Amino acid sequence: MFQDHFLSYRRFIYLKTAFLLTLLAAAFYIVDEPPVPPNGGTLLGYVLGTIAGLLCLWLLAFGVRKRAYRSDTGVMRGWLSAHVYLGVAVLIVATLHAGFQLSWTVHGVTYVLLVIVVVSGMTGVWMYFRYPRQLSEVLDGKTPDALLRDIADLDDRCAQLAPDCPVPVRAALAAAAAGPLYAHRLQRYTGRNGRCATAACLRVLTAAGTAKAVQSAYELQSLRLHLLGRLRAYVRLRKWAEVWLLFHVPMSLALIAALVAHVVAVFFYW
Amino acid sequence: MGEERKRSPLESELDRALTPQGGRRPLSWFAVIIALVAGLLLPMLAFAPPPQVAALFAQFGLVAEKVNRAPELKVQPTPWYGELPASATGLRTVAALDRVWDAGPLSTAHQPWALDCKACHSEPFARVKDADCLTCHSTLAQHAPDDVSSMRAQRCASCHREHHGRFGLDQQNRQQTASECSTCHADIKKTAPKTELRNVRDFADEHPQFTVRIATSARADAFKRVTLPEQGHLEEGTALKFPHDVHLDKKGIAGPRGNKVMECKDCHVPDSTRTSFKPVTMRDHCQSCHELRFEPALSGRQVPHGSVDDVLSTLAEFYGFLKVEPHTAPVPPEIGYRARPGKPDKPAEVKRTTPYNNAEAAARELFEKTSCVVCHDVQRKAGGGAPNTPGARLPSWTIGAVTPGHAWMPQARFNHDSHTMTECKTCHAAERSKKATEVLMPGIKVCRDCHVGATAVADKVRSDCGLCHGFHPKSPAHVASVKTAVAGAKP
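Each protein sequence line maps, in turn, to chains P and W.
If you want this note's numbering, it's the position in the first sequence, counting the first as 1, plus 57.
If you want this note's numbering, it's the position in the second sequence, counting the first as 1, plus 1.
Hints are computed from structural coordinates only; laboratory data are not their basis.
Just so we're clear, the structure is a prediction, and the values are computed from it rather than from any experiment.
Ideal placement from N, C-alpha and C gives every residue a C-beta, glycine not left out.
Treat the hints loosely; a few may be bogus.
[What the hints assert, rightly or not] Distance windows between CB atoms, simulated:
#1 Val121(P) / Asp171(W): 48 to 54 Å
#2 Gly233(W) / Leu81(P): 43 to 49 Å
#3 Asn200(W) / Leu77(P): 54 to 60 Å
#4 Pro220(P) / Gly23(W): 42 to 48 Å
#5 Asp131(W) / Ser160(P): 24 to 30 Å
#6 Val169(P) / Lys7(W): 49 to 55 Å
[Claimed, not checked] 30 Å max Cα-Cα, derived DSS-like pairs, lysine-lysine:
#7 Lys123(P) / Lys269(P)
#8 Lys382(W) / Lys370(W)
#9 Lys199(P) / Lys266(W)
#10 Lys279(W) / Lys266(W)
#11 Lys191(W) / Lys382(W)
#12 Lys296(P) / Lys7(W)
Based on the sequences and whatever the hints tell you, model everything.
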């Protein structure tokens, strides 16, 4: 598994590249003795700034490459690998470019946006690592539609048991079959439904005695609740992956806009 | 596709839940537009707004020239939007929207213009021009004339980099002028063929011995530059007799009120510059021991420490008065001089009979034996005191000229306050100095005990050129001398 992972792509070639870049930048930063405190306006400051700026543009190009399905400029795994490692490196280069100075100006805000984008990128890597495994665990080899069919199957069997059950149980079984996955939209992100009809039905069944039909219905509803839980977990993971993109991409674009403003500002009031 | 069945409610709900959220595109546009408007468009608008916009903002007091207007300022920036009603107050650019471009805090002296970027950045996409600096700093002299090619390439901002904190410029003036000095000064003859300066690269290992300015006239109005010797002391002419070693004897020195152990600060009091010292005066620093008394048995009177004629007149008047009013004296004036124990009763050559005789005897004592001669070069001169003064008939003397104190290194940035952690004698060898003519300035070796050059060394003070040297000449004479020095250099 490991050898074809995006992080280990071609024996960590991009990790090595990023490390070398960072190391070089840091070495120059340490050796450099500018006449004023280190900042973006010294010679090294301009050089590091140019590198960081160009890297930002290149990192953004990942979004374009990702959609260019017919492109054959490198494999996607390689692009992602470079995107991740150089994305972290650019934060370090930009920090050295700024000489560790921060202010609430267009310059400081550009840096803050960079931090936000890179940190959110790291979160993305973390999600990228966990989610595929979690998704396959949740689905356990099935598709969401298959899970839904299982649920429909359970509902049919419960409907057959219903006439043998007491009246309250009958009503609860019907409510469970008609009950929605979520009580409101935000539950898609939490994966929980406190007002789940199936859970309510189970409570009714627990109190409904030990008749055989009730016992069977209890087992079926337990299974139903379990399947609902898996569906909700699946939806939750999918939604958070979307939320991540909804954050990372607009922030990246805002960063590029701020970067343009930053560069123009520097030379406007040179 | 043909047997498409109706989706169950649960299936539809799942479909809906899994439908990708929209909004990535609008959110992106929103973020980009916010960043471009606040970070680019509004500041540019503040720099050069259409007149209608300026007028609109002015109505709300968001544009005005008043905030930084102070009559004493040389620069009264002309507002780009024209004159406004006097009631308008506020900011000098449109709501100072360009403040988001601020590259860092200005130094304290420039902070009145902190919201007026155009005061210095007069032209967009151009580096700050010297002309912008010289609007205010018009009196600053150039280090070297523009015909020196290396100076032509330098802008004010090559050395003075703003936006580096409240004390950024101060700091730079001390330390950062260093980096470029050796470009010319390592081989100064190349740039200034006629200069007297010697090459310098770094204080630590390539800096000439100090040169001091020595007075060539007794009035200290003419000077020459002399390099300090490696051993011993340079001498500067003065007719003063003052042995530092006697006064600084650790066992003390005998005075009228007993033994006194003296310290440097008893005479040398720093002046307001903290670089130099207030002049040492007879009255404040010497006279408490070196009294100018005469006739001690009769009176506590002292002659003034002034001109010879003042002294002679004082003596003549004193004895004249005693003659008229003898009862004011505790003992008869004829024997008054006996008060000096262990001395012969009467000086043989003077008959103490008349007031003039008495005054003459006292004058001889003062000038030639007890007082003046102790510190001064005293010569008897032909004739008497100034005509038409009470002392006209008395003999007279000339006192050798004492060269007044003056700065030996007038251009150096040196502050004694910064060196109070060490004793005076660490640098000034006064305790062994026997003559007042000795220039007790320390040589470069003494400074190098603590100071190194531009490269940091443990336990030493890193010293760039700017720590001791100024860059801009301070006097017209200095400017002229630089001009002469560089004459004939290859452009």
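So, going through the hints one by one against the coordinates:
1. Evaluation of the 48 to 54 Å hint for Val121(P) and Asp171(W) yields a pass: the beta carbon distance comes to about 49 Å.
2. As the Cβ distance of Gly233(W) to Leu81(P) is approximately 55 Å, the hint placing it in 43 to 49 Å is violated.
3. Under the hint 54 to 60 Å, the C-beta atoms of Asn200(W) and Leu77(P), about 42 Å apart, miss the expected range.
4. As the Cβ distance of Pro220(P) to Gly23(W) is approximately 46 Å, the hint placing it in 42 to 48 Å holds.
5. Roughly 27 Å separates the CB atoms of Asp131(W) and Ser160(P), a value that falls within the hinted 24 to 30 Å.
6. The given range of 49 to 55 Å is respected by Val169(P) and Lys7(W), whose C-beta atoms sit roughly 51 Å from each other.
7. Between Lys123(P) and Lys269(P) the CA atoms are separated by roughly 57 Å; this puts the pair beyond 30 Å, and the hint is violated.
8. Between Lys382(W) and Lys370(W) the CA atoms are separated by roughly 16 Å; this keeps the pair inside 30 Å, and the hint holds.
9. Distance restraint check for Lys199(P) and Lys266(W): the Cα-Cα separation of roughly 96 Å exceeds the 30 Å cut-off, and the hinted pair is therefore not satisfied.
10. In summary, the hint linking Lys279(W) to Lys266(W) is supported, as the alpha carbons are separated by about 11 Å, within the 30 Å threshold.
11. Taking the CA atoms of Lys191(W) and Lys382(W), the gap is about 55 Å. The hint is violated against a cut of 30 Å.
12. Of the supplied pair hints, the one linking Lys296(P) and Lys7(W) holds, its CA atoms being roughly 25 Å apart against a limit of 30 Å.
Checked against the numbered hints above, the structure violates hints 2, 3, 7, 9, 11; every other hint is satisfied.
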